[in-house]
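Protein chains in written order, with this note's numbering: chain R, 1 to 358; chain F, 1 to 316; chain L, 1 to 551.
It is worth saying that the hints were derived from the structure and are not from the lab. Please read these numbers as outputs of a predicted model, since none were measured by experiment. You may find that some hints are simply not true.
[Said to hold, decoys possible] One side of the interface only, derived from the structure: several residues of chain L facing chain R at Cβ under 10 angstroms:
no., residue
1, Gly133
2, Asp135
3, Ser137
4, Asp165
5, Pro166
6, Arg167
7, Leu214
8, Gly218
9, Leu238
10, Gly318
11, Phe322
12, Asp407
13, Arg414
14, Pro514
[Unchecked claim] Below are the SDA-like pairs computed for lysine to any residue, each with C-alpha atoms no more than 20 angstroms apart in a straight line:
no., chain 1, residue 1, chain 2, residue 2
15, R, Lys86, L, Asp237
16, R, Lys233, L, Ala171
17, R, Lys86, L, Thr334
18, R, Lys53, L, Thr334
19, R, Lys53, R, Ser297
20, R, Lys171, L, Gly133
21, R, Lys233, L, Gly133
22, R, Lys233, L, Phe131
23, R, Lys53, L, Ser335
24, F, Lys279, F, Thr268
25, R, Lys233, L, Gly127
26, R, Lys86, L, Leu77
[What the hints assert, rightly or not] Partner residues are not named here, just some residues of chain R that face chain L (Cβ under 7 angstroms, in silico):
no., residue
27, Ser52
28, Thr60
29, Gln81
30, Leu84
31, Thr225
32, Gln307
The beta-carbon is built from N, C-alpha and C at its ideal position, and this holds for glycine as well.
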Amino acid sequence: MRRLTLLPLAVSLLATVAAVAGPVSATTSPPVRGGGDGTTITLVTHDSFNASKRVMRQFTKRTGVTVEVLPSGDAGAAVNQAILTKNNPLGDVFFGIDNTLLSRALEEDVFLPYRSPELANVPKSLQLDPRDRVSPVDTGDVCVNFDRKYFADRKLTVPKTLEDLTKPEYKGLLVVENPATSSPGLAFLLATVDKLGPDGWRAYWERLRDNDVKVVDGWEQAYNTEFSGSAGKGDYPLVVSYATSPPAEVVNAEAAPEEAPTGALLDTCFRQIEFVGILRGTEHEKAAKQLVDFMLSERFQRDMPLQMYVFPARDGTKLPPVFVKYAKFAPRPASLPPDEIARNRDQWIDEWTSTVLR
Amino acid sequence: MLHVEALEVRYGDTVALDGVDLVVEDGEVVSVLGPSGSGKSTLLRAVAGLEPPVLGRVAWDGDDLTRVPPHRRQLGLMFQDHTLFPHRDVLGNVAFGLRMRRVPAAHAAARAAELLALVGLAGYAHRHVTELSGGEQQRVALARALAPAPRLLMLDEPLGSLDRALRERLMVELRELFTRLGLTSLYVTHDHDEAFALADRVAVMHEGRIEQLGSPVDVWEHPANEFVARFLGYNVTDALGHGRVAVRPDSLRIEPDGPIAGVVAARTFRRDHFLLEVKIADGPSLEVAATGDRIPTAGDPLRLAVDPDAVVPLSP
Amino acid sequence: MVPARIDRRRIARGLMLAVPLAFLGVFFVYPVASIVGRGLTPDGSLDLSPIGDVVTDARLRGVAWFTVWQATVSTALTVLVALPGAYVFARYEFRGKRLVRAAVLVPFVLPTVVVGSAFLAVLGESGPLGFLGLDQSLAAILLAHVFFDYAVVVLVVGGLWAHLDPRQEDAARVLGAGRWQTFRSVTLPALQPAIAAAAAIVFLFTFTSFGVILILGGPGYSTLETEIYRQTVQFLDLPQAAALSILQLVAVIAVLLVAGRAQGRRAQALRLRPRAETSRRARTAAERAVVGVNLAVIAVLLGGPIAVLVERSFDTAGGYSFGFYRALSELRRTSTVFVPPIEAVRNSIVFASAATVIALVIGGLAAFAIAGAGRRVRPGRGLDTLLLLPLGVSAVTIGFGFLIALDRPPFDLRASPVLIPIAHALVAAPFVARVLIPVLRSIDQRLREAAAVLGASPRRVWREIDLPIVARAVLVAAGFAFAISLGEFGATIFIARPDYPTLPVVVFRLLGQPGALNFGAAMAASVILMAVTAVAILAIERFRFADIGEF
């Protein structure tokens with residue numbers, strides 16, 4: 001059979017054209033129009049970074065700096081990659097390091113100190129690094145979420161505190177993530193360590209285990225498959241997720257509901273703060289500083305909630321209505337100092353594993 | 001004219017060809033005869049360039065071919081088990097050699113058709129080779145080897161896998177073909193009937209060496225040594241009192257007063273006669289044909305006689 | 001007095017070996033050595049104690065044992081289930097055969113997150129098979145492994161099986177051998193090299209299985225791969241990760257060597273026949289039953305989870321519709337992560353095409369170097385094993401190795417899109433070689449000799465004999481390579497990459513956000529990924545090059 005049949009010819013033609021034209025990159029801004037110094041800097045971040053194209057374009061227009069985003073896996077993977085490559089960094093600015101990982105990165109001296117003038121608008125309680133090697137950009141609390149309909153249908157009272165979760169009426173209703181493999185899972189563990197103390201938290205988890213808590217390895221599985229209140233329609237009406245998951249359910253629902261189908265148990269929250277820092281070794285220090293300033297500015301902070309489902313760190317930032325309505329800010333979230341976390345994390349995870357997974 | 005000089009081929013420590021000398025004249029058919037393992041196939045492969053010799057040389061009309069790769073030697077080789085290309089049809093197989101020589105397709109097809117007709121397979125051009133019978137496959141293999149008009153055609157037991165009737169018929173056809181085309185040919189077989197029927201000269205090989213080279217009549221009537229004699233089916237014995245001699249097959253008779261005394265060891269039926277294996281006092285067993293009504297059986301004593309001109313003395 | 005021809009042949013072989021070796025050296029050995037070296041020299045001096053720690057840790061020994069054990073059982077199970085399937089594909093013609101053959105490769109490309117979700121929908125506590133109690137169980141892991149790797153056995157073994165001469169089996173049957181006996185004494189020995197090749201690959205994939213263990217096994221199950229992930233990605237405990245990687249490497253090499261020895265003698269030259277002649281429609285009731293049962297297995301085992309996914313992609317709040325597909329073009333249109341689906345498809349295809357070409361070149365050269373040389377050359381078992389190693393080493397290790405090794409010109413590829421097809425090819429090339437080698441080895445050397453005597457130079461022998469006979473195997477290998485790249489196997493999941501999102505990346509991003517719309521859109525994107533795969537595989541299968549007939 002000598003002739004090439006038409007279909008593979010078309011496909012290979014297509015592939016060749018596509019290859020010649022190159023893969024399509026989704027950089028944040030179009031080419032700079034007129035003026036500006038035309039620098040391009042790289043923002044190394046995790047896979048959940050997001051921002052409005054419009055907002056990023058405004059940054060470029062104002063400063064002439066183009067930002068290229070480099071997603072590098074989940075938060076932990078991204079931080080560890082930054083540490084591994086600290087002598088030859090992948091980019092200029094790093095966004096997405098949170099308080100559970102902060103100490104390690106600071107120890108490894110990955111960042112260049114910079115005190116942005118915009119920090120005047122950020123609460124002191126969030127500025128965890130006195131040397132300003134990193135600046136807080138947003139907070140996201142990890143809390144237990146509940147499925148409203150499940151509890152309403154069964155006329156069951158929604159639990160409130162951590163302790164409530166061990167009660168018999170909530171037996172087999174809670175799904176949590178493995179702290180060894182999941183960032184919200186770790187945050188929840190840290191919440192129990194803070195709220196129940198170094199001597200009480202293990203016993204607490206024993207009680208949770210006896211109350212048939214289910215453990216899975218990742219948030220996607222817990223939330224999208226096991227949780228009854230979301231797309232997966234699973235069996236568990238209680239799941240460890242984020243305080244901002246309820247508004248996300250509203251925004252990303254197929255049809256706008258009356259009220260959020262889920263809610264967060266504010267007494268179970270752990271405060272997560274996300275930071276941005278300039279990578280030591282950058283060749284574009286000035287442009288990097290401009291980006292940090294921008295990320296702390298009103299414009300960027302206002303854009304963040306609906307892009308990344310986090311709370312802005314900047315005081316007085318106007319929140320979108322859906323957040324105002326459905327996302328509650330935990331008044332007294334659990335938190336632990338970063339270096340305490342760094343020191344004890346591995347050991348806590350080990351103990352948790354032997355207690356719960358046995 | 002093919003010249004093989006002192007050719008030695010080794011496989012590891014085993015010597016497959018132990019210093020072979022051979023000349024094949026233009027238009028001559030030389031049969032290479034011998035048991036398995038005697039090195040006949042190795043000889044062909046070495047001449048074709050498929051086995052590197054350790055010593056010696058191969059030359060054609062004076063040109064040294066020893067360093068020339070197989071695809072440039074312009075020799076033809078027909079394999080045992082035909083080895084037709086399964087992914088091409090009959091025409092594709094036959095025209096292969098012509099294609100390699102960049103003969104234009106139309107011309108190649110025409111010549112291939114010519115050859116197919118020659119071997120009696122006209123019209124088979126587009127058949128799948130795997131559909132053919134054994135005899136047909138051999139003919140295609142022959143046509144394929146002949147197509148590029150090689151200066152020497154080598155055949156490695158080409159009739160080996162065929163049944164007797166087919167073999168007999170093809171032997172006759174081959175003989176005609178060789179004569180008609182004036183082919184120079186090296187023909188390997190283990191069957192001496194085949195060898196003698198087709199060849200101008202016969203070479204008998206044993207353990208990598210040529211034991212005897214001569215015309216079929218010469219070799220048949222005067223085997224050079226014990227090995228050749230035995231291979232040809234001669235009875236070898238010391239029992240006649242002249243030292244070791246070879247007795248032509250079918251020349252022993254059962255004779256009540258014969259000079260050789262023996263006892264029947266075994267008896268085999270052979271269509272029109274019985275073949276008796278007779279143990280004698282000094283020397284190896286002899287074979288004798290017996291016909292008639294009362295055939296001796298195992299254990300019977302008998303006496304044998306032989307025609308004096310059927311006895312060939314063997315050099316010690 | 002060795003003729004010059006032999007030297008030239010050896011030089012050619014040497015060159016053929018050099019290219020794959022160079023590729024492996026730069027993109028595998030160097031990065032892995034870098035990251036393992038970094039782990040074992042934490043303060044500048046070599047410290048091998050982590051290896052000792054790992055070996056003496058009872059828990060980790062248990063983890064290593066479990067890893068080997070579950071991979072072995074998964075492999076055995078997959079071969080057992082898929083071998084009858086291979087038989088059906090090899091010997092029978094049935095309607096829609098081409099489509100089914102493309103369809104079995106689809107599971108290969110699906111992200112484990114998505115498949116895990118589909119499996120859980122069926123096997124999970126609230127699913128229809130929940131009563132079996134397979135949630136977070138070993139059985140679920142094994143089932144998922146069979147799901148993913150069915151195609152490997154069916155296509156690799158089936159490919160060789162289709163060329164076997166059925167008359168060999170007929171001869172045995174006539175001599176009085178029963179069906180089973182014939183299979184054992186005639187067919188199985190002939191298939192042995194292909195079965196060994198497929199089993200080795202399945203073993204390696206299941207050995208480094210990651211997503212399946214995490215999702216379907218849950219936190220109770222731990223393999224070397226998940227441990228390495230944890231140590232490297234979560235804890236950045238490089239010394240322990242390095243020690244575990246070495247342990248993984250040693251285990252893989254040991255198993256491959258043992259398997260290689262068990263495989264024993266080299267493949268025999270086989271009587272190969274064109275496919276068209278060895279397969280036919282099922283005639284008797286028994287034959288139809290065999291075909292039917294296997295098609296049913298495929299429909300249930302492979303089709304089931306896929307059907308769940310497809311169903312979910314259409315199951316919108318307002319009934320079945322294309323809503324989620326539309327959402328793919330609309331969701332977050334204004335944000336930087338937005339990828340028009342067609343761009344994602346294009347990126348996936350571009351990367352996959354590049355990866356396939358690289359894999360065919362590297363794997364093909366290696367295969368010809370190892371197997372194509374002829375009768376008296378010892379099989380290059382060393383290169384064989386080395387070629388397979390990228391499949392058995394943790395993707396995390398390789399990925400992080402890229403990060404620290406390929407960071408200087410001329411190889412500053414860390415953030416370059418070029419690295420993506422290279423990383424895919426690292427997984428796909430050994431695949432290609434493994435598919436080609438058994439077929440190459442079955443070619444009777446005398447066919448090559450016949451061609452040579454008829455005037456074919458060594459290059460032409462390759463072109464006229466080897467290539468047409470392996471052509472079909474090349475296409476199968478190309479299909480696999482394409483699927484491997486589409487499914488983002490290998491280290492790319494763990495490495496930084498510039499924003500050239502492909503379909504799996506789109507799926508991950510959507511799954512990482514709460515909301516029914518995101519989830520539904522992720523399902524839709526997965527279905528698009530499956531469709532692209534099936535179309536691509538079908539296109540590849542139809543490919544004919546030069547005048548090679550359907551052998």
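Outcome of the hint check:
1. Gly133: violated, 14 angstroms
2. Asp135: Status holds, d = 9 angstroms.
3. Ser137: violated, 13 angstroms
4. Asp165: violated, 23 angstroms
5. Pro166: With Cβ-Cβ at 24 angstroms, over 10 angstroms, it is violated.
6. Arg167: Arg167 of chain L check fails; min Cβ-Cβ to chain R is 26 angstroms, beyond 10 angstroms.
7. Leu214: Interface hint status for Leu214 of chain L: holds (4 angstroms vs cutoff 10 angstroms).
8. Gly218: Since chain R brings a Cβ to about 6 angstroms from Gly218 of chain L, closer than 10 angstroms, the hint holds.
9. Leu238: Holds, because the Cβ-Cβ distance from Leu238 of chain L to chain R comes to roughly 8 angstroms (cut-off 10 angstroms).
10. Gly318: Nearest chain R Cβ about 7 angstroms off; hint holds.
11. Phe322: Interface hint status for Phe322 of chain L: violated (13 angstroms vs cutoff 10 angstroms).
12. Asp407: holds, 5 angstroms
13. Arg414: Nearest chain R Cβ about 6 angstroms off; hint holds.
14. Pro514: holds, 4 angstroms
15. R:Lys86 - L:Asp237: holds, 16 angstroms
16. R:Lys233 - L:Ala171: Not OK: Lys233 of chain R and Ala171 of chain L at ~59 angstroms, beyond 20 angstroms, violated.
17. R:Lys86 - L:Thr334: Violated, at roughly 33 angstroms.
18. R:Lys53 - L:Thr334: Satisfied, since the Cα-Cα distance of roughly 6 angstroms is no more than 20 angstroms.
19. R:Lys53 - R:Ser297: holds, 16 angstroms
20. R:Lys171 - L:Gly133: holds, 18 angstroms
21. R:Lys233 - L:Gly133: holds, 19 angstroms
22. R:Lys233 - L:Phe131: holds, 17 angstroms
23. R:Lys53 - L:Ser335: holds, 5 angstroms
24. F:Lys279 - F:Thr268: Roughly 15 angstroms separates the two Cα atoms, so the pair holds.
25. R:Lys233 - L:Gly127: At roughly 10 angstroms apart (the allowed maximum being 20 angstroms), Gly127 of chain L and Lys233 of chain R satisfy the hint.
26. R:Lys86 - L:Leu77: Answer violated: Lys86 of chain R to Leu77 of chain L is near 45 angstroms, above 20 angstroms.
27. Ser52: For Ser52 of chain R, the interface hint holds, since the closest Cβ of chain L sits about 5 angstroms away, which is under 7 angstroms.
28. Thr60: violated, 12 angstroms
29. Gln81: Since the shortest Cβ distance to chain L is 6 angstroms, the answer is holds.
30. Leu84: holds, 6 angstroms
31. Thr225: Cβ of Thr225 of chain R sits 5 angstroms from chain L, so the hint holds.
32. Gln307: This interface hint holds because 6 angstroms falls under the 7 angstroms limit.
Figure legend: structure checked against the earlier numbered hints; hints not met, in rising order: 1, 3, 4, 5, 6, 11, 16, 17, 26, 28.
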